[in-house]
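Take the sequences, apply the hints, and build the full model.
4 protein chains.
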Amino acid sequence: MVIVLEKNISEEKIETIIKKLEEFKFSVHKSTGVEQIVLGAIGVHPTFDIRKVKVLDGVSEVYRITEPYKLASRSFKKENTEININGVIVGGNEIEVMAGPCAIENEDQIFEIAKIVADAGAKILRGGAFKPRTSPYSFQGLGEEGLKLLRKAADENNLVVISELMETKQVHLLEEYVDIIQIGARNMQNFPLLKVVGKSNKPVMLKRGLAARVEDLLMSAEYILASGNPNVILCERGIRTFETYTRNTFDISAIPVIHKRSHLPIIADPSHAIGIRDKVLPMARAAIAAGADGIMIEVHNHPEQALSDGPQSLLPDQFAELMKQIKLIAEVIGRKM
Amino acid sequence: MVIVLEKNISEEKIETIIKKLEEFKFSVHKSTGVEQIVLGAIGVHPTFDIRKVKVLDGVSEVYRITEPYKLASRSFKKENTEININGVIVGGNEIEVMAGPCAIENEDQIFEIAKIVADAGAKILRGGAFKPRTSPYSFQGLGEEGLKLLRKAADENNLVVISELMETKQVHLLEEYVDIIQIGARNMQNFPLLKVVGKSNKPVMLKRGLAARVEDLLMSAEYILASGNPNVILCERGIRTFETYTRNTFDISAIPVIHKRSHLPIIADPSHAIGIRDKVLPMARAAIAAGADGIMIEVHNHPEQALSDGPQSLLPDQFAELMKQIKLIAEVIGRKM
Amino acid sequence: MVIVLEKNISEEKIETIIKKLEEFKFSVHKSTGVEQIVLGAIGVHPTFDIRKVKVLDGVSEVYRITEPYKLASRSFKKENTEININGVIVGGNEIEVMAGPCAIENEDQIFEIAKIVADAGAKILRGGAFKPRTSPYSFQGLGEEGLKLLRKAADENNLVVISELMETKQVHLLEEYVDIIQIGARNMQNFPLLKVVGKSNKPVMLKRGLAARVEDLLMSAEYILASGNPNVILCERGIRTFETYTRNTFDISAIPVIHKRSHLPIIADPSHAIGIRDKVLPMARAAIAAGADGIMIEVHNHPEQALSDGPQSLLPDQFAELMKQIKLIAEVIGRKM
Amino acid sequence: MVIVLEKNISEEKIETIIKKLEEFKFSVHKSTGVEQIVLGAIGVHPTFDIRKVKVLDGVSEVYRITEPYKLASRSFKKENTEININGVIVGGNEIEVMAGPCAIENEDQIFEIAKIVADAGAKILRGGAFKPRTSPYSFQGLGEEGLKLLRKAADENNLVVISELMETKQVHLLEEYVDIIQIGARNMQNFPLLKVVGKSNKPVMLKRGLAARVEDLLMSAEYILASGNPNVILCERGIRTFETYTRNTFDISAIPVIHKRSHLPIIADPSHAIGIRDKVLPMARAAIAAGADGIMIEVHNHPEQALSDGPQSLLPDQFAELMKQIKLIAEVIGRKM
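Protein chains in written order, with my numbering: chain A, 1 to 337; chain B, 1 to 337; chain C, 1 to 337; chain D, 1 to 337.
Watch out, some of these pointers could steer you wrong.
Note that the list lumps identical chains together, so a pair holds whenever it fits in one copy or between two copies.
Claimed, not checked - Okay, derived cross-link-like pairs now, DSSO-like style, lysine-lysine, Cα gap no bigger than 27 Å in a straight line: (1) Lys327 - Lys260; (2) Lys152 - Lys19; (3) Lys78 - Lys260; (4) Lys19 - Lys115; (5) Lys77 - Lys13; (6) Lys30 - Lys13; (7) Lys20 - Lys260; (8) Lys13 - Lys260; (9) Lys54 - Lys77; (10) Lys13 - Lys202; (11) Lys260 - Lys70; (12) Lys336 - Lys324; (13) Lys78 - Lys13; (14) Lys25 - Lys324; (15) Lys7 - Lys25; (16) Lys78 - Lys54; (17) Lys199 - Lys336; (18) Lys30 - Lys78; (19) Lys30 - Lys77; (20) Lys30 - Lys199; (21) Lys30 - Lys20; (22) Lys195 - Lys19; (23) Lys54 - Lys260; (24) Lys7 - Lys70; (25) Lys169 - Lys199; (26) Lys202 - Lys152; (27) Lys77 - Lys7.
These aren't lab readings, by the way, just hints derived from the structure by calculation.
See the structure below:
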């Protein structure tokens, strides 16, 4: 921690601040600058609230110099984390595609879509059984029945399964049916949920919250890692800004930023970021071009009848075209699909 | 719903759009303007996803004309909702103050602070037993032991109790000890949690999320109301913006906006919005001047030793001064304290 | 400047970084922490681009420790700047109100409104002669003719005049007619304009831009101060966020923040921040309660016929009521009106 | 314009609102819905301030149904605007690259960089002679001397020239030396400047402001188009959000959004959006993959000595590599370079 003192501060106040820092278990280093005195407080206390120093009399600014996350950081682990899910490796050289409907609606729907997904070459099937909906009057998902259908449809097409967990008490139910547990954007800071999946032996995909800085996303990943689960996949899906022509602002630059700060794989979800079908293809291409380790795409055989998020779902032939295009872009940057 | 069609659209496309709207159970009304044709789709479907119409060929813009929330709206209920909690009425003419430490730390701490709070004239004691912390390494609260101490300290000082619920499974535990259940900002869209408190017979205080529009806050209130609990108190505590000199941006204008849109009471929490003690007093005054039905303030007897949020907690004498000042402001706008 | 080095950095890289810093004319101070080495770069170079150090091999984080503004800072000048404009003092104990129409439209309009403003007790008349309009098809102001009318209406009512400057070449024209030159939010970083008013002998009111941090506002003030004009008044008028129920988000907490960081007076403009008449009164009260040195309010005798911003203009009796209420709030916090 | 009335509104109030709309020169169409009455106000008044209706008694919501811009809209002009600048066509199938230093510093620098730019295959040379700097103490550009050097360096390498205009009075000076006039992000709503370049016969590149919605950008383009200059190039360069690990948030989704809404070409500037060299390459690739008509890149032969924005400038070999990679991506999406 670095503490910048106010200009013309008295010796007495400096002494009081130094004493306080020592009480907080820091060893203190004093540098006298041209205009200001700077204190270096040495010692590793990742959870120390720096505002405790900010409020001291005579302190002008305080900077934390260590990242607040540790296990999630690139400085803790240099090599990329590769997560092997029944032979599908997320975080390696190959780009992985997660595709499927927003919500599982019935047997025909999920079986048809699973085949479309597999035929186009994707390896991971998505589908929600428990749906976080902003309106209490909207379709809330099929629950366990949905998970069963999802598993069967995936198995028949040799796909890996991802689905969202919304409550701590459903974690064992999800573990039974899915290969990757998804934590949605609205639950990114639902800490009891993070702790529960941190104890699971299933990989977890953690979506960035609408108001979350990349630092916050990595702090939430830290919760899962610190609870014992090393297999965390991050997912960029758009942040909330003042722009109104798109649903959210898809922060593609978070992809190279995360690759620099962390060893964890990062997936991009253009469907949720943009919210309208005709922008999904260019944004998927952009995410791959920026270095994403994979993408998550909503696909529906009859989007106009979908119970949830139909308007942002791709039609089967649009999805096949997307797969073709991103494969070519992957090759440009030396990756496979 | 109002649908603006593209300029120079063919008759055939118009027919297709109208047929589609009728399939969605709307009756359709066509107006031919100078430059564009506008369709009115009449019928009340609060959960209809308007993007289903946006993606139709020939459609330029779509506007939902009914608010997506109903029970929470002022048009549903004209009079202010007043919530009587053991004689303390939130949402009436009297302004109520909720005060106490961020987290309950031990018996001495909570008893001393409860006395300070009561002596200064506040009627509601706050204190966290389960703490949502961005770092997994931070103090996470005393749990049930904390709730017991909080209850005892409140009873001894004739105070009403508010504390935060973080998990569905703890709801009965909280109901046993507290008078108002708080839902924190990070859980504003934790829908299972909203449903559970919607079934509770305790009043609920719902904090606005960092990325939540006022509309989203009212939609989350709708979840609780629709589940059967009419006693919802809203709370503004700052939104996330690009400004860095304050922790969050305290959106005080949300107070009159909510009073116009909804009948529910609205409380302001300047401590969390600003994050540093010396701005809490002016922001508390501002919130009351803007018409807030109450404020929530962090108070600590030894903030420099607090296990959580000490730097934003007021000292006892600062709190007493705040009570004095906001009482005078309350009088200016014709309210009591 | 404080430079945090990467963990396990080689001695050679450290040497290279230190050499580089010395080339940049800093003297360097090295602290070895538990996990990381920190360099203090001592020397005052307010315009140094810290990214020059960020890109060096082995550097993890860089923090500037001096504020980038100097003349605008409270550490440069401890006492509040009081600006005397023909006997009206902005920045003193008295709260000043600037009121009038958005745009000057004709003689009758501005004379009637000037009288309303003076009768209600305000001392400064506002009115735009050159209007920044987002649409090229909107009314752009009366130009010099408007300034003449504004001056005459003010003189007849013993008021001080403020009006907006939009182009460097109009500065002498404005100086002829107005007492305070306003720089609008959209021109906050129009640097040639800032330099020109920096050479003027008239006080300048500088409005915060929609995307400006408080730091940016103070940097723009620095431009004016550094050009030789010490009489700068700051103005908070709302920032752009994701909220859609209000036109902008009125950042009232900027008021105490600016009072702490700077010696310059700060005015609040609730009319532009909120954009709709019925929220102006509560927000004006809130701004005064937060410590603003004054407010700017749009008033119109026939708002429904106003050529610009009628919907956010107060009616004469609403304005009189506002003056009464904020006077009472001013007294609560020990200020006069 | 569509006006939703309050529920249970009296016939009398409806009459008053209709009469008012007719006074505003709209013809009115009334639809009676299940719960609410909706009025359609027909007539084209692009500059009508809809808040004039919002404030009427009995009105609940108002929606403008025509876009506020006309000449800039895709509905006004279906085909892409292609701008031919001495044989270099912006907005056609070929992707164009604008590259060069942030600021022109001296003859050697600009000649060396111009050669690097041309050798790598780019056709447009950028370089600032007048620099908008947030600090008054920073290097402000060489002025006319810089423009002369820029022109000579471009001519020697057969390049087209773009440079920024900051003040209306410099427009003729710029016209003498440059082929494309740039309006910077901070001047996007400097309306006198927009009008002046609207009268120029040179193409204009208009950068999106930090707080500008796409709609605002198109409104500013409308100013230039309405003043008579049809050759406007738009430029996305990042918006301001709460994220702190990047300088701005590069809104790549604006690219397909603008292509849908407008016929004008759109260029992406990843250097300014990101602010640090090592993210420029992936973001340039992403912009091209998203469909940008070109990119603007800062290149410097000695970035560590650059007087402005060195840290975000690419080294010559990084730039050559970028050119190679984006050429391949251009081919994937059927475009040339």
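Hints and how they fare:
no., hint, in the structure
1, Lys327 - Lys260, "both (24 Å within a copy, 25 Å between copies)"
2, Lys152 - Lys19, "neither (64 Å within a copy, 37 Å between copies)"
3, Lys78 - Lys260, "within (10 Å within a copy, 42 Å between copies)"
4, Lys19 - Lys115, "neither (67 Å within a copy, 31 Å between copies)"
5, Lys77 - Lys13, "between (41 Å within a copy, 21 Å between copies)"
6, Lys30 - Lys13, "both (14 Å within a copy, 24 Å between copies)"
7, Lys20 - Lys260, "between (35 Å within a copy, 24 Å between copies)"
8, Lys13 - Lys260, "between (40 Å within a copy, 19 Å between copies)"
9, Lys54 - Lys77, "between (32 Å within a copy, 21 Å between copies)"
10, Lys13 - Lys202, "neither (53 Å within a copy, 41 Å between copies)"
11, Lys260 - Lys70, "within (14 Å within a copy, 35 Å between copies)"
12, Lys336 - Lys324, "both (12 Å within a copy, 19 Å between copies)"
13, Lys78 - Lys13, "between (42 Å within a copy, 18 Å between copies)"
14, Lys25 - Lys324, "neither (57 Å within a copy, 38 Å between copies)"
15, Lys7 - Lys25, "both (25 Å within a copy, 21 Å between copies)"
16, Lys78 - Lys54, "between (33 Å within a copy, 20 Å between copies)"
17, Lys199 - Lys336, "neither (32 Å within a copy, 51 Å between copies)"
18, Lys30 - Lys78, "between (33 Å within a copy, 26 Å between copies)"
19, Lys30 - Lys77, "between (32 Å within a copy, 26 Å between copies)"
20, Lys30 - Lys199, "neither (43 Å within a copy, 42 Å between copies)"
21, Lys30 - Lys20, "both (14 Å within a copy, 23 Å between copies)"
22, Lys195 - Lys19, "neither (37 Å within a copy, 46 Å between copies)"
23, Lys54 - Lys260, "between (30 Å within a copy, 14 Å between copies)"
24, Lys7 - Lys70, "between (34 Å within a copy, 12 Å between copies)"
25, Lys169 - Lys199, "both (13 Å within a copy, 18 Å between copies)"
26, Lys202 - Lys152, "within (18 Å within a copy, 43 Å between copies)"
27, Lys77 - Lys7, "between (40 Å within a copy, 11 Å between copies)"
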